[in-house]
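J.: Sequence:
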Amino acid sequence: MEIIYLNSTDEMYQQVLNLRYDLFFRERGLPREILFDALEENSTHVAIIEQGDLYAYGRLSETAKGIFKISQMVVKPKIQGKGLGSRVLSELVNSALEKGAKEVFLNARLHAVSMYGKIGFETVGSSYIAKGTGVPHIKMVKCC
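Residues in the sequence shown are numbered consecutively from 1, following the numbering used here.
Hints in this document: simulated from the structure, not taken from any laboratory. There's no promise every hint is true.
Derived CB-CB ranges, DEER-like [unchecked claim]:
#1 G52 to V141: 32 to 40 Å
#2 V141 to Q51: 34 to 42 Å
#3 G134 to P77: 26 to 34 Å
Even for Gly, the Cβ is constructed at its ideal location relative to N, Cα and C.
The task is simple: from the sequences and hints, build the whole structure.
T.: Spelled out as C-alpha cells, the structure:
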C-alpha cells in the first residue's frame, strides 16, 4: 500500500468523496454538498491506495498562519484497526510540520481519541456534539 497526495481533479479523489459521504453523512440523510466546506478546495489531500483501490484518507488545512487542521479522516470499515489511519495521520502531521506548523489540531470522534493520543495529540476542553452530524467529538491539539 502506498501513500499518495491527491488533487481534486484526480480520479481517485472521486473515490475519496464517495467514501467520506458514505461513512460520515449518508446515514444521517445529509446532502452530498456537505462535503464541500470552506476548507475543501485549499487543503492537502492524502490517501492510502493499493492497486487503484482507496483504503484510507485524511485532509490537512491551514486555518490561520501556522495553525493546521486535520479533518475528514476515514478508513474503509473492513480494514480498520490495521494502522492505516495512523499512517495517514502521521503523513498529515509531517506535512504540516514541513509547512511551518506551530500547532496542529483536529476534532476527534470519541472512539478515536486513543489513536490520536498515540501520535501526541492531547484533548482540549469538553466533548461536544458536532452541528452537522450530531456525533460527539472532542478537540485535540499537537504542538510543534
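J.: Evaluate each hint against the coordinates.
T.: Cross-check of the supplied hints:
1. G52 to V141: 32 to 40 Å: holds, 36 Å
2. V141 to Q51: 34 to 42 Å: Holds, at about 36 Å.
3. G134 to P77: 26 to 34 Å: violated, 20 Å
Of the hints listed earlier, the one the structure fails to meet is number 3.
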